[in-house]
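K.L.:
Chain by chain, the residues:
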Amino acid sequence: MIFPASQIALIVSGKIEGDPNATVGSFGKIEEAKEGQLSFLANPKYEDYLYTTRASVIIISEAYELKQPVQTTLIRVPDAYSAFATLLSKYQEIMQQQMTGVQEPSYIAKTASYGQQVFIGAFAYLGENVKIGNNTKIYPQVYIGNNVVIGENCIIHPGVKIYHDCQVGNSVTIHSGTVIGSDGFGFAPQPDGSFKKVPQIGNVILEDQVEVGSNTTIDRATIGSTIIRKGAKLDNLIQIAHNVEIGNSSVIAAQAGVSGSTKIGKGVMIGGQAGIVGHIQLGDGSKVNAQSGVSKSIDAGKAVTGSPAYDYTSALRSQAVSRKLPDLEKRVKELEQLLKQLLTETR
Amino acid sequence: MIFPASQIALIVSGKIEGDPNATVGSFGKIEEAKEGQLSFLANPKYEDYLYTTRASVIIISEAYELKQPVQTTLIRVPDAYSAFATLLSKYQEIMQQQMTGVQEPSYIAKTASYGQQVFIGAFAYLGENVKIGNNTKIYPQVYIGNNVVIGENCIIHPGVKIYHDCQVGNSVTIHSGTVIGSDGFGFAPQPDGSFKKVPQIGNVILEDQVEVGSNTTIDRATIGSTIIRKGAKLDNLIQIAHNVEIGNSSVIAAQAGVSGSTKIGKGVMIGGQAGIVGHIQLGDGSKVNAQSGVSKSIDAGKAVTGSPAYDYTSALRSQAVSRKLPDLEKRVKELEQLLKQLLTETR
Amino acid sequence: MIFPASQIALIVSGKIEGDPNATVGSFGKIEEAKEGQLSFLANPKYEDYLYTTRASVIIISEAYELKQPVQTTLIRVPDAYSAFATLLSKYQEIMQQQMTGVQEPSYIAKTASYGQQVFIGAFAYLGENVKIGNNTKIYPQVYIGNNVVIGENCIIHPGVKIYHDCQVGNSVTIHSGTVIGSDGFGFAPQPDGSFKKVPQIGNVILEDQVEVGSNTTIDRATIGSTIIRKGAKLDNLIQIAHNVEIGNSSVIAAQAGVSGSTKIGKGVMIGGQAGIVGHIQLGDGSKVNAQSGVSKSIDAGKAVTGSPAYDYTSALRSQAVSRKLPDLEKRVKELEQLLKQLLTETR
Numbered sequence: 001m002i003f004p005a006s007q008i009a010l011i012v013s014g015k016i017e018g019d020p021n022a023t024v025g026s027f028g029k030i031e032e033a034k035e036g037q038l039s040f041l042a043n044p045k046y047e048d049y050l051y052t053t054r055a056s057v058i059i060i061s062e063a064y065e066l067k068q069p070v071q072t073t074l075i076r077v078p079d080a081y082s083a084f085a086t087l088l089s090k091y092q093e094i095m096q097q098q099m100t101g102v103q104e105p106s107y108i109a110k111t112a113s114y115g116q117q118v119f120i121g122a123f124a125y126l127g128e129n130v131k132i133g134n135n136t137k138i139y140p141q142v143y144i145g146n147n148v149v150i151g152e153n154c155i156i157h158p159g160v161k162i163y164h165d166c167q168v169g170n171s172v173t174i175h176s177g178t179v180i181g182s183d184g185f186g187f188a189p190q191p192d193g194s195f196k197k198v199p200q201i202g203n204v205i206l207e208d209q210v211e212v213g214s215n216t217t218i219d220r221a222t223i224g225s226t227i228i229r230k231g232a233k234l235d236n237l238i239q240i241a242h243n244v245e246i247g248n249s250s251v252i253a254a255q256a257g258v259s260g261s262t263k264i265g266k267g268v269m270i271g272g273q274a275g276i277v278g279h280i281q282l283g284d285g286s287k288v289n290a291q292s293g294v295s296k297s298i299d300a301g302k303a304v305t306g307s308p309a310y311d312y313t314s315a316l317r318s319q320a321v322s323r324k325l326p327d328l329e330k331r332v333k334e335l336e337q338l339l340k341q342l343l344t345e346t347r
Numbered sequence: 001m002i003f004p005a006s007q008i009a010l011i012v013s014g015k016i017e018g019d020p021n022a023t024v025g026s027f028g029k030i031e032e033a034k035e036g037q038l039s040f041l042a043n044p045k046y047e048d049y050l051y052t053t054r055a056s057v058i059i060i061s062e063a064y065e066l067k068q069p070v071q072t073t074l075i076r077v078p079d080a081y082s083a084f085a086t087l088l089s090k091y092q093e094i095m096q097q098q099m100t101g102v103q104e105p106s107y108i109a110k111t112a113s114y115g116q117q118v119f120i121g122a123f124a125y126l127g128e129n130v131k132i133g134n135n136t137k138i139y140p141q142v143y144i145g146n147n148v149v150i151g152e153n154c155i156i157h158p159g160v161k162i163y164h165d166c167q168v169g170n171s172v173t174i175h176s177g178t179v180i181g182s183d184g185f186g187f188a189p190q191p192d193g194s195f196k197k198v199p200q201i202g203n204v205i206l207e208d209q210v211e212v213g214s215n216t217t218i219d220r221a222t223i224g225s226t227i228i229r230k231g232a233k234l235d236n237l238i239q240i241a242h243n244v245e246i247g248n249s250s251v252i253a254a255q256a257g258v259s260g261s262t263k264i265g266k267g268v269m270i271g272g273q274a275g276i277v278g279h280i281q282l283g284d285g286s287k288v289n290a291q292s293g294v295s296k297s298i299d300a301g302k303a304v305t306g307s308p309a310y311d312y313t314s315a316l317r318s319q320a321v322s323r324k325l326p327d328l329e330k331r332v333k334e335l336e337q338l339l340k341q342l343l344t345e346t347r
Numbered sequence: 001m002i003f004p005a006s007q008i009a010l011i012v013s014g015k016i017e018g019d020p021n022a023t024v025g026s027f028g029k030i031e032e033a034k035e036g037q038l039s040f041l042a043n044p045k046y047e048d049y050l051y052t053t054r055a056s057v058i059i060i061s062e063a064y065e066l067k068q069p070v071q072t073t074l075i076r077v078p079d080a081y082s083a084f085a086t087l088l089s090k091y092q093e094i095m096q097q098q099m100t101g102v103q104e105p106s107y108i109a110k111t112a113s114y115g116q117q118v119f120i121g122a123f124a125y126l127g128e129n130v131k132i133g134n135n136t137k138i139y140p141q142v143y144i145g146n147n148v149v150i151g152e153n154c155i156i157h158p159g160v161k162i163y164h165d166c167q168v169g170n171s172v173t174i175h176s177g178t179v180i181g182s183d184g185f186g187f188a189p190q191p192d193g194s195f196k197k198v199p200q201i202g203n204v205i206l207e208d209q210v211e212v213g214s215n216t217t218i219d220r221a222t223i224g225s226t227i228i229r230k231g232a233k234l235d236n237l238i239q240i241a242h243n244v245e246i247g248n249s250s251v252i253a254a255q256a257g258v259s260g261s262t263k264i265g266k267g268v269m270i271g272g273q274a275g276i277v278g279h280i281q282l283g284d285g286s287k288v289n290a291q292s293g294v295s296k297s298i299d300a301g302k303a304v305t306g307s308p309a310y311d312y313t314s315a316l317r318s319q320a321v322s323r324k325l326p327d328l329e330k331r332v333k334e335l336e337q338l339l340k341q342l343l344t345e346t347r
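Each protein sequence line maps, in turn, to chains S, P and Z.
Every letter in the first sequence is one number past the one before it in full-length UniProt numbering, and letter 125, counting from 1, is 125.
Every letter in the second sequence is one number past the one before it in full-length UniProt numbering, and letter 198, counting from 1, is 198.
Every letter in the third sequence is one number past the one before it in full-length UniProt numbering, and letter 211, counting from 1, is 211.
Quick caveat, the hints were computed from the structure, so don't treat them as lab data.
Please note that the accuracy of each hint is not assured.
The list treats identical chains as one, so a pair stands whether inside a single copy or across any two.
[Said to hold, decoys possible] Derived pair list, reagent style DSS-like, types lysine-lysine, alpha-carbon separation capped at 27 Å:
1. 324 with 45
2. 197 with 263
3. 67 with 15
4. 296 with 263
5. 67 with 29
6. 324 with 131
7. 230 with 196
8. 330 with 302
9. 330 with 340
10. 131 with 230
11. 29 with 90
12. 230 with 197
13. 263 with 230
14. 302 with 45
15. 287 with 29
16. 90 with 196
17. 302 with 266
18. 197 with 29
19. 67 with 330
20. 230 with 287
21. 196 with 29
22. 196 with 266
Given the sequences, and given the hints that come with them, work out the whole structure.
P.N.:
This is how it looks when you write it as structure tokens:
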């Protein structure tokens, strides 16, 4: 699709400087953009590129004063980055909306149903009683088990697997390779040292506006539900165990793991590769630093780091001293010798 | 499927109190259950729900004394949780057994063969000379490479990939997205700084009753076999490198990793996000705490923690002191000053 | 395929001792090999097996002196392991080359195109404008999004997902379940505590001779490209965030993670489960130990360990002292008491 600068200015409520008929068909960084591309200047560090860029249209701050004439068409807005992001979102939305229909071959059980403007890609599988809401896009090679319900405006990327009985809200995005609803890790030890599987008959609920990255795993509850609440965002390769609950708008970075039955509050931030043990609570707004190992509940608003994790500021101080440990040991040794000598002298 | 209380009582050898014709069709937690659901009361903490639950049938201990009359039908058994788990297992077994036949489109090589009561889902791929045992269920979108042999009563969940020449025993369960038999990470450094691939021509063997979680990776051996022995249980997102051996009934939690050629004994327990270096041995019954980094062999029965990991009890003591490091440093400084002063005074 | 010893000797430029017509059809370890298998003896530790092995042909060093007569046919070469590896590579190459054609059902968009000697497996998906080079093998259930370009001699294993607009060079291997080009983790915090997605419109570029293990995730850039440079090797379950760059011939072990916009130089080695924060640089030839947490840039050639990571040698010393912390604390306490006593005596 090709857009003239005039139309773009309309979308971002901007003012054109230069040729309103300049056209663009894709996006580029200001330092790399080619003719026919749209770019933006937000960071002053990149200012010099404004005068050399080959981009056809640049979104730029109203406040910016040109140092010399430019070749490219400018669109003036109050906040260049924000306007650019709005434009990108609009563009992606349009692209998604255009994608409709059912590609063949796909497998849709007779009892499955779906709404308007839905896309179902080739090799996708919809089990019995599956329900798909309006405008949701199911990419190729996705598996949706029996009785799964998916809301409106969702994007389920290629190869996602959703086990039976799970529920997905509206405006949910799930990236490739992610598994929703696999069995929780529950095995009862037997007298002979072997393990007997504890059946996992619960499900997973993803509420509205949840986004899950690629190759993440969210296990179904033993009984009841593993729940990811509204607006929570999960990165790639994360492990969410059975019966976990993640609160509204909490954010979890890549490769972190949350063990069984742990409840995570609202607005919690968990860093990459952090691990949280089972059966604890993380209070609203608490923060867990990357690679931390959290073994106890955390109060609302508190930050922790380290493995095992404790209060962020105290832990940083201990880490600083731990680097001087060989020196500290030497000082203790010197004290011991000095004192021994002193004792010999004085007694 | 709908079952009357009388039939359930028969399966769990329980005694009915109330209406033997009450029927249930699914399971629920006692605090959330709806009419037509079966639940149980094992934990006294949930006792109050017994009098308010909408569940139609409750499995409950023989010993429990009612505080007031209940609406629901009770089934009395010696151990309520155990009876409930038995029921769930039976139910899942029945559901699995009902799933048979070959869905279309699927790809089954002419030289592939399979036994009785097998299910092969749509978009599943069976390569040349593949053999599938009786009653095994191959879910949609599974890939089974050439010459792979899979035993009886296995469940291979959607999207699992098993590379050529691997072997899977009986009663093995593999969850979605898991990859069995990808190449081990072997590259020989070259004089120019580049790397030359070392061909990986071994395979992976999963013995009977192994269960593997979702999105786990088990690499094929360089030569010979990577082996997961009988009854071992692996969680999600685990990395098992080439030529590793995991002993009988060992248990590995999510996101742990085992490097090349390491041998893990029987009944070993490895915590989440733990890492084990290559070419070492973990003795039978040894334990590795979550997030530990094991760089040396561990004797049978020993427990370790930390990164690098060492004796569990010693490490916990060191961790406790490490939190007081800023204080310890301060105390050393005070000692130094005091001693310096004392030396000035006494000499 | 069956090869006589004479033909194998020709390939590795070796000299036959024994029956040149002995035939082999597969490979085995010297201690496990069966009749009809080819093996090698490189490690003197395995010498005894030479006299008991059932392998039909053994590749062995020119220098090795037999202690007694052997049953098997020997092929003498200067370096037995290297000759064996060459043979394996050749064998795998032949096997790959034989695999050509398009299996049905597959989905190939009308605007997609591919070269000579290409293999496209069943249930593979090629989007609009996809281009596949000569001799590249696309295994079953692979997804290739719109506008993706893949070079020659690549192997894309079953179930790999490559999102739209990504670029893959020549001789690239990607293992099962790996996701290339999923959205970077970018969300702008809103005043109400929720998060607004930052569109991710860049792509991923894998240069020539890159190999990526199974279930690894490489996110597309926000704008521009996430780049894995020539000859870099990535293991399984690795997270590469948006706008990261990995230099030529760098090697990353399993379960490591690299956060957004970090630049990793040439010939860098990153251990398993290590984590690297965003927006830093790792100099050429630097080394990161397993499980380290790197929070600052590293100079070329430097090695680090620990979480947070610092100089390798210093960190090892601190780790050694940290194990003696309870003892050190005790020594400080004794010093305090001794000094207190001394002060009482002398003052």
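K.L.:
State for each hint whether it applies.
P.N.:
Verification of the supplied hints:
no.: 1; hint: 324 with 45; in the structure: neither (38 Å within a copy, 44 Å between copies)
no.: 2; hint: 197 with 263; in the structure: both (24 Å within a copy, 25 Å between copies)
no.: 3; hint: 67 with 15; in the structure: within (19 Å within a copy, 76 Å between copies)
no.: 4; hint: 296 with 263; in the structure: within (12 Å within a copy, 32 Å between copies)
no.: 5; hint: 67 with 29; in the structure: within (20 Å within a copy, 69 Å between copies)
no.: 6; hint: 324 with 131; in the structure: neither (61 Å within a copy, 57 Å between copies)
no.: 7; hint: 230 with 196; in the structure: between (35 Å within a copy, 13 Å between copies)
no.: 8; hint: 330 with 302; in the structure: between (36 Å within a copy, 26 Å between copies)
no.: 9; hint: 330 with 340; in the structure: both (15 Å within a copy, 16 Å between copies)
no.: 10; hint: 131 with 230; in the structure: within (20 Å within a copy, 40 Å between copies)
no.: 11; hint: 29 with 90; in the structure: within (18 Å within a copy, 44 Å between copies)
no.: 12; hint: 230 with 197; in the structure: between (32 Å within a copy, 14 Å between copies)
no.: 13; hint: 263 with 230; in the structure: within (15 Å within a copy, 34 Å between copies)
no.: 14; hint: 302 with 45; in the structure: neither (35 Å within a copy, 30 Å between copies)
no.: 15; hint: 287 with 29; in the structure: neither (33 Å within a copy, 32 Å between copies)
no.: 16; hint: 90 with 196; in the structure: between (52 Å within a copy, 13 Å between copies)
no.: 17; hint: 302 with 266; in the structure: within (13 Å within a copy, 40 Å between copies)
no.: 18; hint: 197 with 29; in the structure: between (53 Å within a copy, 19 Å between copies)
no.: 19; hint: 67 with 330; in the structure: neither (61 Å within a copy, 57 Å between copies)
no.: 20; hint: 230 with 287; in the structure: within (19 Å within a copy, 38 Å between copies)
no.: 21; hint: 196 with 29; in the structure: between (56 Å within a copy, 21 Å between copies)
no.: 22; hint: 196 with 266; in the structure: between (36 Å within a copy, 16 Å between copies)
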